[in-house]
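Asker: Listed below, chain by chain, are the residues.
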Amino acid sequence: MDTGSNNTIISLRNIRKSFGSLDVLKGVDLDVYKGENLVVLGRSGSGKSVLIKIIAGLLTPDTGTIRVLDKDVGQLNNKELQELRTKIGFSFQNSALYDGMNVRANLAFPLVRNKKNLSSQEVESAIKQVLEDVGLSRSIDQMPAELSGGQKKRIGIARTLILQPEIMLYDEPTAGLDPVTSVEINELINEVQERYNTSAVIITHDLTCAKSTGDRMVMLSEGCFLRQGSFEEVFSTDDPTVRGFYNYNFISDS
Amino acid sequence: MRFFFLRIYDTYRFILRFWKEVFLPPYEPKEILNQFFEVGIRSLAIISLTGFITGLVFTKQSRSSLAEFGATSWLPSLMAIALLRALAPLVTALIVAGKVGSKFGAEIGSMRVTEQIEAMEVSSTNPFKFLVVSRVLATICIVPVLAIYMGFIGLLGAFVNVYRNEQTSFVSFFQEAFVKISFLDLFVLVLKSAVYGFTIGMAGCFTGYYADQGTVGVGRAANTAVVVSMFLIFIEEMLIVTLVNSYK
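Note that the protein sequences, when read in sequence, are chains Z and F.
The first sequence stops at residue 259 when you use this note's numbering, and every number in between is there.
The second sequence stops at residue 864 when you use this note's numbering, and every number in between is there.
Bound-form chain Z, shown alone (with noise of 0.2 Å):
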């Protein structure tokens, strides 16, 4: 990881997002540098998921500028916006599979339309190898309601690497799983990183998950970051808020 400027690859500057009287961020500055695994940390209902939303394009702030890999998101047009998004994979909090087509077809989803000229056998041979990564080649029938709630992770993340994506965003990556399934998560976006080399910024509330994949993390407050820097550097204070979110998560090393 380089924290050089020309390596960081998502800015944002002064961003600002309300909903009605609701202030959820309050001008938030963030670099993410080639290469880093950033976690953001946070309650729930501190803005995160509002933050990664923006960053994919999906909400608009109020102020502020947004620039991921060297485009500033808010001067592109659709088609340029279009382009951005196939260089960003997104993982869901509920994995966002569609409901209606089996693992193949989620799979296939984004690539038949995104790249037209692959014909029907190089669409399957990057399904499966896909599947292979995320260790899941059996399930390639099946529909997404027979999936466990970690399988549906797994395929959703499976879904955003088939683009070859140069940054992951991880929305809450271990909300609802048990803890052997949530280690096997934390591994697995660790193993994308390396094995894909992407740059990755994960949403989470979970102090096991921020640990294991984080190589820098922030920790977000109402609307505010409120520290910033390794695991221990973040939790080496005295400060309430943030003593109260150690506190309430339970780290079995720490």
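None of these hints come from the bench; they were simulated from the model.
These figures come from a predicted structure and were not determined experimentally.
All C-beta atoms, glycine included, are put in the ideal place defined by N, C-alpha and C.
Treat the hints with caution; some may be incorrect.
[To be verified] Far from chain Z by the CB rule (all over 12 Å, computed), these chain F residues:
#1 D626
#2 L632
#3 T666
#4 R679
#5 L772
#6 F794
#7 N839
#8 S862
[Stated by the list, open to error] For the chain F half of the interface with chain Z, some residues (derived, Cβ under 10 Å), not all of them:
#9 P642
#10 P645
#11 E723
#12 S726
#13 T730
#14 Q732
#15 I733
#16 E737
#17 V738
#18 S740
[Said to hold, decoys possible] Derived DEER-like restraints, expressed as beta-carbon distance ranges:
#19 S235(Z) to K646(F): 42 to 52 Å
#20 F803(F) to S26(Z): 33 to 43 Å
#21 L855(F) to D28(Z): 44 to 54 Å
#22 M617(F) to S125(Z): 47 to 57 Å
#23 G830(F) to S153(Z): 14 to 24 Å
#24 A110(Z) to S785(F): 49 to 59 Å
#25 E127(Z) to V860(F): 48 to 58 Å
#26 R200(Z) to V761(F): 45 to 55 Å
#27 K646(F) to D77(Z): 27 to 37 Å
#28 S153(Z) to P642(F): 27 to 37 Å
With the hints as your guide, set chain F onto chain Z.
Answerer: Quick look at chain F alone, frame taken from chain Z:
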């Protein structure tokens, strides 16, 4: 009141976006065909049953009034006029509103609340085109076909009743039935069915697309889709009949 006017404005923008996107590439022929199947083939059974019973019962109920004047021979043409000018398009639209409109509302609504629509957006797919345009086009094209089909099945129901009472042959029943039917009647049937199809598709997709508040929102979207479609269909029926009669 503010919410009501905002909703009207959203509806206006939604309709405008549909007409804009329907002509712009990329097109979704596979999904449109899939929706043709969903709207058309999957509605055939209920349309057949309802059409047949409507024709049979309406003929049975009309018989006694016409019999008083010795005019039961008018039954075929009376039924053809009643079915093709009013009953077939109206009953078909109400059934499709209940069956397909609620499905659109629930399906798209659940996709909205489970972030599947956002997943499409980040997959560089236009969810409006994929989900809304394909469904509305399907209802615009298929509801007229279903209405014509229901008209024919309704006439078969009428024929069964007439045959049992007067032993009229199949050929002479249909010859008499179409004596009073003009090209304008068929044109209006297709036109108003297409308008009802547009209304059903739009109401279902709009309520689903803007669904919120989790499963409660999905239920509300399905319910609103049916209620709004039916309400608008009756208003449109009244306006179209008034317009056509003034033209005649």
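Asker: Minimum Cβ distance from S726(F) to chain Z below 10 Å?
Answerer: holds (7 Å)
Asker: Please check whether Q732(F) passes as an interface residue: C-beta within 10 Å of a C-beta belonging to chain Z.
Answerer: holds (5 Å)
Asker: Per the CB criterion, is V738(F) less than 10 Å away from chain Z?
Answerer: OK, holds: V738(F) within 10 Å of chain Z, min 4 Å.
Asker: For T666(F), which was marked as not at the interface, is the minimum beta-carbon distance to chain Z over 12 Å?
Answerer: For T666(F), whose nearest Cβ neighbour in chain Z is about 27 Å away, the distance exceeds 12 Å, so it holds.
Asker: Is the shortest C-beta separation between I733(F) and chain Z less than 10 Å?
Answerer: holds (9 Å)
Asker: Check the following: the C-beta atoms of G830(F) and S153(Z) are separated by a distance inside 14 to 24 Å.
Answerer: holds (22 Å)
Asker: Minimum C-beta separation from S862(F) to chain Z exceeding 12 Å: can you confirm that?
Answerer: holds (44 Å)
Asker: Is it correct that the beta-carbon of L772(F) has no partner in chain Z closer than or equal to 12 Å?
Answerer: holds (35 Å)
Asker: Should the label of R679(F) as a non-interface residue stand, given a Cβ cut-off of 12 Å to chain Z?
Answerer: holds (47 Å)
Asker: Is the interface hint satisfied for E737(F)? The criterion is a beta-carbon contact with chain Z at less than 10 Å.
Answerer: holds (6 Å)
Asker: State, for the Cβ atoms of K646(F) and D77(Z), whether the hinted interval 27 to 37 Å holds or is violated.
Answerer: Check passed, 35 Å falls within 27 to 37 Å.
Asker: Taking 48 to 58 Å as the hint, is the beta-carbon distance of E127(Z) and V860(F) inside that range?
Answerer: holds (55 Å)
When held up to the earlier numbered hints, the structure conflicts with 10 and 20 and fits the remainder.
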